[in-house]
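Listed below are the residues making up each chain.
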Amino acid sequence: MAQFADGTTDQANASFRPRSFGIDRSTLIQYALYAFTIVLVLGPISPIIYQSFVDRPLYDTGQQYTLDNYVRLLSSPVFLEAIWNTLVFALLSTLIGTSIGVIAAILIGRTNMPGRRFLSGLLLWPIFISHLVMAFGWFIVYGPAGYITLMIKSVLGVEPWNLYSLGGMSLIAGVSIAPLTFLYCSASTALSEATLEDAARTCGSGPFRTLWAVTLPLLLPAIFYSIILNFTGALEMLAIPLVFGEPAGINLFATLLYTQGFAAARPDYGIVSTAALFLIIVIFLLLTLQRRMLRNSRRFVTVGGKASRPRTVELGLFRWPAFLLLFAYAVIFIGVPLGILFLRASVSVLTPLAPFWHYFTSRHIVAAFSYESNIRAIVNTLVIAALGAAIGTFFVAMITVVVHRSQFRFHRSFEYVALLPRAIPGLVASMGFFYAMVIIPPMGWLRSTIWILMLAYIMRFIPLAFGALSPSLMQIGKELDSSARVIGADWWRTTRTIVLPLMKPAMFSSFALIFVFCLKEYTTAVFLFTPGNEVLGASLLLYWANGNMGMVAMLSTVQIILTMFFIYGARSLFGVKFGG
Amino acid sequence: MVQLKIERLTKTFGTVRAVDNIDLTVEEGEFLTLLGPSGCGKSTTLGAIAGLDRPDGGRITLGDHVFFDGASATFVPPEGRDIGLVFQSYALWPHMTVRKNLEFPLSLRKVPAAERNRRIEEVLDLVEMGDYADRYPFALSGGQQQRVALARTLVYRPRLLLLDEPLSNLDAKLRERARLWLRDIQSRISVTTVYVTHDQTEALALSDRIAVMSGGRIVQLASPAAIYHAPASPFVADFIGSANIFSGEILHVEQGTTRLQLDGGGTLVTPSPPPEGTSGKVMIAVRPEKILFARDAARAGTENVFEVDIEARSFLGARHMVLARLGAVALRIECEWEPGTQVASIHIPAEACVLFDAPAPSGKAAAVEEAA
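Quick mapping for you: the protein sequence lines, in order, are chains A and B. Position 32 of the first sequence, counting from 1, maps to 32 under UniProt numbering, and the rest follow consecutively. Position 239 of the second sequence, counting from 1, maps to 239 under UniProt numbering, and the rest follow consecutively.
It is worth saying that the hints were derived from the structure and are not from the lab. The C-beta atom is built at its ideal place from N, Cα and C for all residues, glycine as well. A hint or two may mislead.
[Stated by the list, open to error] One-sided and incomplete, this derived list gives chain B residues near chain A with beta-carbon spacing under 10 Å:
(1) Pro77
(2) Glu79
(3) Val86
(4) Ala91
(5) Leu92
(6) Pro94
(7) His95
(8) Met96
(9) Arg152
[As the list claims (entries may be wrong)] According to the in silico footprint, chain B covers these stretches of chain A (three or more CB under 8 Å from chain B):
(10) 471-483
(11) 497-503
Use the sequences and the hints to build the structure in full.
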């Protein structure tokens, strides 16, 4: 070993000479990624901002700057009414959704109610299914001409409920956003200290008193977090207001954007852009508030933590009633509406007035797989989901590495830009990409391709992937990349050889998440699809508009089955965990 | 030739001066330790040498290679410095085998395959891990991981070796063995080494020189023996070997002896010269193991013998630790024999005392009093 000391050091490393460190490839990659992300996120918003300040459509010539759009928006009785309706709808559905989610999380996470694992799986399912599909399911069962509505009406003689109302819409919206609250609060209950509840019990507090006085207050940060999540979710929700509000003439913000901007013969671009901008700003402010709260209470919403809990709160006599309550909820609000879609897809007429088994037909299934546009929609959806999830995951993984593991000068603002799409509703993003294509000639070739959809989807899901990837990156010890740097690898080499390979499990999760969200996405496609680049979500909207419920049910069924297959496959092949 | 030179190095975090104007030169082949409590700036200094932290000002050079120069805004990133760093957590890449871990730095340096394998074999033999080349890090014990981490650093023959508390995750017995082994390897390959630790025993056992740090500054830079026997400040005396420190006043100085009046009562004679520019108030540091119990009363009456009350005793195996009270002063005494009595006589050898000037606040207070 003497040769270590005898001067071979210099000779052995003769080939290793420090490079010049001006603009090296690492810095170049970081700047390129930053610039691309800014263009991708701000690109679609800028035309909307511009449009809101000019007097005529973007594609026209001779625009004049004006505040007219703002004046018209704020003095338009239709919009003012929509704002009021939206506020009521968002508040009510937040109240309903949060309550259901919190009660379910406490019962499943903290008590000895039977069947907790089973119920937890059942209650989380709506997360993977598009609100549009859920809305169709409810429409077929509980709508004014719904199967069960008519059944009850024939017995009672009166209509039992009216879903074509703000209350009805809020109930359905509440049910469809409840799983997110459930997810967040479950994560929080899983981390909370069981001994705190034990201490209350030993002081003589009964089970309900304990849940009320100890468990619930511990959940408060997670509950506040969910409230804002639910509220913003309700603000930008399109499916339920479209299916249940529009026919009754109840306009909400999202439906107005949809009808005025897309469905109208001569869209009023100025006022639609102004309204869209208004929505972005409101959501942005709410998310800023949420970020502040999250900063102080991060540990309450951490997903993961202790796998099993030793003790739970004894419900005593109420064990089974609690189970039955949640089970009935799951059946009535989730099971039946989803099941009825399968049934509706296989019959030509579905009404309680005649036995459905007389009307079995293979018409819809044949149509689903023989109409060229349907096949295209299915194939396009799968291609966009697979490619979009792969590209998006890699892209966002790179963003997280630059944000958390580089000396990149703008890493803070980079994180901000990456999380900004959370404030952009799908419908608005769709509109923005559409405008951008119209006014930027080189983007014209993207029109009518699946690539523009994929681009828009990736932009929308950057925050989703960021949330899936960045915690696991932060768990990877910093010395692992520091040591590679000291050994002589530059940032890019370190990222490629050390950091990204260690992120593999998180990248699988992120891929699966984006895939499922691409499958169920519909709002982002609204302005961007044309014959040729149809996707399932957009086709569903078209069939709905034409009143073809059979095809709506059939394509919904296809979407559900694809999702189920994918989730089952991802679970068993890659061990990906959904829903924390 | 490859001398590490740090000049006026400064790094602040917010309002805290983590490294405050440090000057330090490490000679070729030298083993230098940065020693200090947590938060003293030793790790920040190491990070600055490695290029993991960018300092605010100063200059770092290795031989004629400028790593950092605040004046000309030169900053070489870590990968351009050709140095080795062994982390406290070892930082072995979990998705690579031992061989792949070692191969990575060599492939970065485009070492040909044959040479690469030869070097990996050689260095794994050096750290006695030859049989583990195809294992993954998680299948190794802590001690083995530590050896592999060192091997991964030595395999590309860096010009400078940095060690960041590499032994602190080992258990006590293993740490002692690893210490001897590490020193042996370092002297065999004679690579310039900077070692960071808060463990004074490690520092004393391993180093050619020790830089004791506190509050972002180097408070003493000397050989282990000098640091131990002639600490430059009460802090160093306390941090290394946790000396007893108590206060007193100089009565008079004559013919190489200083006579002191202890605040706790009694007088003390020592050959140590009084600190320069002293106001008369001094701090006296005596190591616990230097204090002896006077076995026979005959010694009573001779110099530096005091009567103490014993407050607590603990048995350490080879030695005893006794907590005794001399007036208002609590003394820790580490000895081979302890008297069973409640009151005992102790002898503080004259040459065991080190004198420091009393800390500034009391001096200032005295000045204020005088002025009034």
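Here is what the structure says about each hint:
At a threshold of 10 Å, the smallest CB-CB gap from Pro77 (chain B) to chain A is about 6 Å, leaving the interface hint in force. For Glu79 (chain B), the interface hint holds, the least distance from its beta-carbon to any beta-carbon of chain A being 5 Å, beneath 10 Å. Against a cut-off of 10 Å between C-beta atoms, the interface hint on Val86 (chain B) holds, since the closest Cβ of chain A lies about 8 Å away. At about 4 Å, the closest approach between the beta carbon of Ala91 (chain B) and any beta carbon in chain A falls short of 10 Å, and the interface hint on this residue holds.
Annotation: Leu92 (chain B) was flagged as interfacial toward chain A, and the flag holds, the nearest CB pair being 8 Å apart, inside 10 Å. For Pro94 (chain B), the suggested interface contact is upheld, since its CB lies about 7 Å from the closest CB of chain A, less than 10 Å. Given the 10 Å rule on beta carbons, the hint for His95 (chain B) holds: about 5 Å separates it from the nearest Cβ of chain A. The interface hint given for Met96 (chain B) holds, since its Cβ lies 9 Å from the closest Cβ of chain A, which is under the 10 Å cut-off.
Below 10 Å, beta-carbon pairs count as interface contacts, and Arg152 (chain B) has one with chain A at about 7 Å; its hint therefore holds. With 5 residues carrying a beta carbon less than 8 Å from a beta carbon of chain B, the segment 471-483 of chain A meets the three-residue requirement, and the given coverage holds. Counting residues of the segment 497-503 of chain A whose beta-carbon sits less than 8 Å from any beta-carbon of chain B gives 4, enough to reach three: the coverage restraint holds.
Taken one by one, the earlier hints all hold for this structure without exception.
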